[in-house]
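Novice: Build the full structure now, drawing on both the sequences and the hints.
Read off the chains here:
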Amino acid sequence: MATAQATPSNALCSDRLARRRRGSLRFAAVLALGLGSIAWLGRATDPATRPLAGKPITLGATIALTGNANLYGQDQRAGLTIADRWFREVGFVEPEGSAEGLSLRLQIEDGGSDEPSAIAAFNLLIREGVVALIGPTLSQQAFAADPIPQRQGVPVVAPSNTASGIPQIGHFISRVSAQSSVIAPLSIAEALRRDPSIRRVALFYAQDDAYSTAESSIFLKALKARGLTPVTVQRTQIAENDFQAPITSALRHQPQLVVMSVQAVAGGNMIRQLRELGYQGQIVVGNGLNTPNIYPICQRWCNGILIAQAYSPELDTPINRAFLRLFREFHGSQPPPQITAQAFTAYQVLAESLQRLQRKRALDSVTLGQARARLMDELLAGRYQTPLGPIHFTPDGEVVQSRFYVAEVRMDPGGRDGRFALVREQQLPEVTP
Amino acid sequence: MIDNGLLVQMLLGALLGLSVYLPLSAGQLSLATPAFYAVGGTLAALLSTRWSALGATAAGSLPPASFLLVLILGGLLAGGLAVVVGQLVLRLRGIYLAISTIALVEIVRVAILNLPFTGGAVGIFSIPQPFSEAGGYLVPALAMLGLTAALCHRLETLPLGRAMGAIREDELAARCMGIDTTRVKLIAFVISAVVAGSTGALAAHFLNTWNARQGSFDVSVTTLAFVILGGSRTWLGPVAGGLLLTALPELLRPVGDVRLVVFGLVILLGPVIFPGGLVTTGLLERLGRSFVPRRHSASEVR
Amino acid sequence: MIELVLQSLLNGAASGGVYALVALGYTLIFSVLGVINFAQGALFSIGGYFTYLLLGGKIGANGAFPGLALPAGLPFWLALLLAAVASGLVGLLVERLAFAPLRRSGSEPLQALITSLGAGVVLVNLLQILMGAEGYSFPEGALLMAGLPDALVIAGARIRTVQLLLLVVSVVAVVMLTIWLERSRAGKALRAVAEDPTTALYLGIDSGAMVRLAFFLSGAMAGLGGGLIGLSVSLPGPYFGIGYGLKGLAVLVLGGLGSVPGAIAGGLLMGLAEALVPPDASGWRDAMAFTILFAVLLVRPSGLLGSGPIEKV
Chain A
1 MATAQATPSN
11 ALCSDRLARR
21 RRGSLRFAAV
31 LALGLGSIAW
41 LGRATDPATR
51 PLAGKPITLG
61 ATIALTGNAN
71 LYGQDQRAGL
81 TIADRWFREV
91 GFVEPEGSAE
101 GLSLRLQIED
111 GGSDEPSAIA
121 AFNLLIREGV
131 VALIGPTLSQ
141 QAFAADPIPQ
151 RQGVPVVAPS
161 NTASGIPQIG
171 HFISRVSAQS
181 SVIAPLSIAE
191 ALRRDPSIRR
201 VALFYAQDDA
211 YSTAESSIFL
221 KALKARGLTP
231 VTVQRTQIAE
241 NDFQAPITSA
251 LRHQPQLVVM
261 SVQAVAGGNM
271 IRQLRELGYQ
281 GQIVVGNGLN
291 TPNIYPICQR
301 WCNGILIAQA
311 YSPELDTPIN
321 RAFLRLFREF
331 HGSQPPPQIT
341 AQAFTAYQVL
351 AESLQRLQRK
361 RALDSVTLGQ
371 ARARLMDELL
381 AGRYQTPLGP
391 IHFTPDGEVV
401 QSRFYVAEVR
411 MDPGGRDGRF
421 ALVREQQLPE
431 VTP
Chain B
434 MIDNGLLVQM
444 LLGALLGLSV
454 YLPLSAGQLS
464 LATPAFYAVG
474 GTLAALLSTR
484 WSALGATAAG
494 SLPPASFLLV
504 LILGGLLAGG
514 LAVVVGQLVL
524 RLRGIYLAIS
534 TIALVEIVRV
544 AILNLPFTGG
554 AVGIFSIPQP
564 FSEAGGYLVP
574 ALAMLGLTAA
584 LCHRLETLPL
594 GRAMGAIRED
604 ELAARCMGID
614 TTRVKLIAFV
624 ISAVVAGSTG
634 ALAAHFLNTW
644 NARQGSFDVS
654 VTTLAFVILG
664 GSRTWLGPVA
674 GGLLLTALPE
684 LLRPVGDVRL
694 VVFGLVILLG
704 PVIFPGGLVT
714 TGLLERLGRS
724 FVPRRHSASE
734 VR
Chain C
736 MIELVLQSLL
746 NGAASGGVYA
756 LVALGYTLIF
766 SVLGVINFAQ
776 GALFSIGGYF
786 TYLLLGGKIG
796 ANGAFPGLAL
806 PAGLPFWLAL
816 LLAAVASGLV
826 GLLVERLAFA
836 PLRRSGSEPL
846 QALITSLGAG
856 VVLVNLLQIL
866 MGAEGYSFPE
876 GALLMAGLPD
886 ALVIAGARIR
896 TVQLLLLVVS
906 VVAVVMLTIW
916 LERSRAGKAL
926 RAVAEDPTTA
936 LYLGIDSGAM
946 VRLAFFLSGA
956 MAGLGGGLIG
966 LSVSLPGPYF
976 GIGYGLKGLA
986 VLVLGGLGSV
996 PGAIAGGLLM
1006 GLAEALVPPD
1016 ASGWRDAMAF
1026 TILFAVLLVR
1036 PSGLLGSGPI
1046 EKV
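From first to last, the protein sequence lines stand for chains A, B and C.
The opening position of the first sequence corresponds to residue 1 in my numbering, with each subsequent residue numbered one higher.
The opening position of the second sequence corresponds to residue 434 in my numbering, with each subsequent residue numbered one higher.
The opening position of the third sequence corresponds to residue 736 in my numbering, with each subsequent residue numbered one higher.
Honestly, the hints are just simulated from the structure, not real lab data.
Quick reminder that beta carbons are idealized off the backbone N, C-alpha and C, glycines included.
Certain hints may be false.
Unchecked claim - What follows is a set of in silico ranges between Cβ atoms, one per label pair, in the way DEER data are often shown:
#1 C/V820 x A/R328: 34 to 42 Å
#2 C/L824 x A/Q150: 45 to 53 Å
#3 C/P1036 x B/P592: 27 to 35 Å
#4 A/V366 x C/A804: 49 to 57 Å
#5 B/S565 x A/R199: 51 to 59 Å
#6 B/G513 x A/R22: 34 to 42 Å
#7 A/D412 x C/L883: 17 to 25 Å
#8 A/L12 x C/P932: 55 to 63 Å
Stated by the list, open to error - Pulled from the structure, derived: some chain B residues nowhere near chain C, Cβ distances all over 10 Å:
#9 G493
#10 L509
#11 Y529
#12 I620
#13 L677
#14 P687
#15 S723
Unchecked claim - On the chain A side, residues computed to face chain B include the following (Cβ under 7 Å):
#16 R22
#17 G23
#18 I38
#19 A39
#20 A144
#21 P147
#22 R321
Specialist: Next up, the structure:
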């Protein structure tokens, strides 16, 4: 270093050192002053006490547009954008007059795939005065970020969090994404209906993915309820796509049924590799694979896999037809993934609740904080016709969805494109999961 | 623009920057900081949620004294681990040390994921809160940063700090001068781990939740970027780098989808434009000039 | 029992070949400059996407130009080759932006870690903006696998044909590169610069040109790896190369920095070790690579086939 080489005398050296240390202290003082003023300027400025009137009402969305979960975020962005457009063009409840005086704005912020980014995005949106929040994409992010709007009284609708305990974070936290505990057993039942002689089951799941681990334990329970224990359980990693080792290891146990709970692209690869390595039995996949994104990955090998769905593109209702039409306008011929339908639904339930409040004149001359509180109560009280089917909420904020579907993938002869052919529609009794 | 929540994250960034800086100031490129951060955070999350003696209420609040205790315990566990690991890895040099510490980070990550009591992929959530709002964390975060910074500043004049500097310049020469290099390196490594462990404990509470993803290879390289971009020759460098680089992605939100491209460009061009980092010794010397010009010239003459 | 051993060997070889390819990319640059190029993982992704586009693949709905594609796709081997060349050119660009300015100002090698990391962040995020995050698989016409069986069964042990192909191509690429480094004029010059830059200078070797050559070759290796992986597991999103980059780093150090045979041996060993993790402990598989690395470094501080301490970072 310069000090070590260019020192003709000790005095000069120590003088420079002293000067440097003095400089350090001065720099630190300036830094501390700067941090102090940032803290002062950034102290909690909750706009909750401002009157609501005079501005368009803003819905804030925090989804993963960067990082490892970005595929979900991009699918969610599609759902939210379509919902926003649909609301503008038609309005959800009544074609005319319903949106009278209610102008709605959607603000999407990237919540990344990690906890700090989701927290920052939530804070930003709350500070900007949104009336409600949609997001974040991952359950782990929700555990970190949801306590903030809960403390400040901002309603949150989660479009894709399926871990247990999310609505229990507090009064203001709700979700439209049904837990896998409700859905997953249906596809197991279908597989066993097709082949009651099944005894040997292999289970694969991505152990570092919150969604897959939760779902896999539901699968285990559903199997156990039928007296089956897996002959092998293979744990994979979320970012893994080459399953040569776990598959050959599982095939040594000669399974008659493979159950997998992994994310979409990895799942597509796992199906293809299972088939290529000679597995011929049935395959039941988790809800993470309920997206046409898997078609190009597992191609002709996708054929015949069974999946239980919280959303079926084949559902023939007015709202789903409208949703499909808008989706195709933007994204070509493929049907929308489940996660897109759920994002659409999150926007829809908030917009309809706001419409109802507007009609009751409950939004006149209130503060933002009061509007948020009223919106939450209205949200939980309502019933909704959504692309997912009819839904409503428990007082906790847990979604109650009564219609679920079991589909079988049928691929086109070319093996590049296919559809989730509806096998069975299940009307579950309305119990809270 | 910058709310108190983000400010807390920036302070945590600065602390992690210092944790990487400490071994580096003894010439050791250790990227183990996220491993100790993860260990500290996991311990804190476990203690605050499971250990009833800490006095967490059903409403989810935690007495400040218990919070302080958890911070200390997080640091101590990380430090203890560092004593063991340090004796093994500090024999390695340069890039071998760097990669073996990355290996440590990955092993710790997989361990936290697989241990039966750490909540698997979901992790530990609903961690009791010592403060009613995010701004409350400013006090402990600032205090920890102040303490660590004061320690680093003090080290510059202490024999230990001089020994660390000597090892950084030339380890062999330092050994020949009679410095117990093994011991000095280990001490720097352990202090770094204690800082990272306590930071993790604070972060676990601040984030409300903790899981294996918190300490990963990504964090290793980001924290190294704090030090390199901020300047690795003085403790103010990593502090400035940590504050700035943590805030940057948030400040870049107005540019939209390309914000991470811009962020990458800053990391790419930063060291090219500021070869010694943002805060260099030269800058500090200029800053430290006396305000009274007469005395200044007198000292030059003398 | 024999079947199990053989299966593990095959599993190990299947992933080990690619690990070796990644590690070789690092090794080339490390041996010349003594630095690690953190953008290597991003180049891996880029190679995969280049191959996809050259095969006539369409940009998906979340990309910047949905539906855009080349008017006609190239045959697979040509596309792979061109993608490798294109990735090599991106590697040159990375050298130009992230490494050359630092070398000119004589900065610490530590800084190259960060500038190359920045280059990687820029590349991956650009890739995401251009192509979207969706998974892509190579267009059907490109699949040269038609007619071949999906998997080969050798004494009861199975391996997917595409994995075997991947292994063969990786090994051929690695061997060809090694021979080229040993025999050709440019290869010898490259090694001369790697061993002793000063002597190389006296011999009249343009070290700048050799550094660029190393970056080009290393980028091309990564591109080749990305394209091959794409054939086996499709393109799971712009971040997919990063994971291979991290594993490659472990392999690199396991084998010994800057040692080409070490990179190959390390890759195969790593693949094998991962394959040998018992299924009950499969959750720990990812830690396996790094535990071995940790253990090897403690016994041999310079890796398996490395020689002497390397002070540069």
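Novice: Which numbered conditions among the earlier hints are violated in the structure presented, ordered from lowest to highest?
Specialist: Those not satisfied are hints 8, 11, 22.
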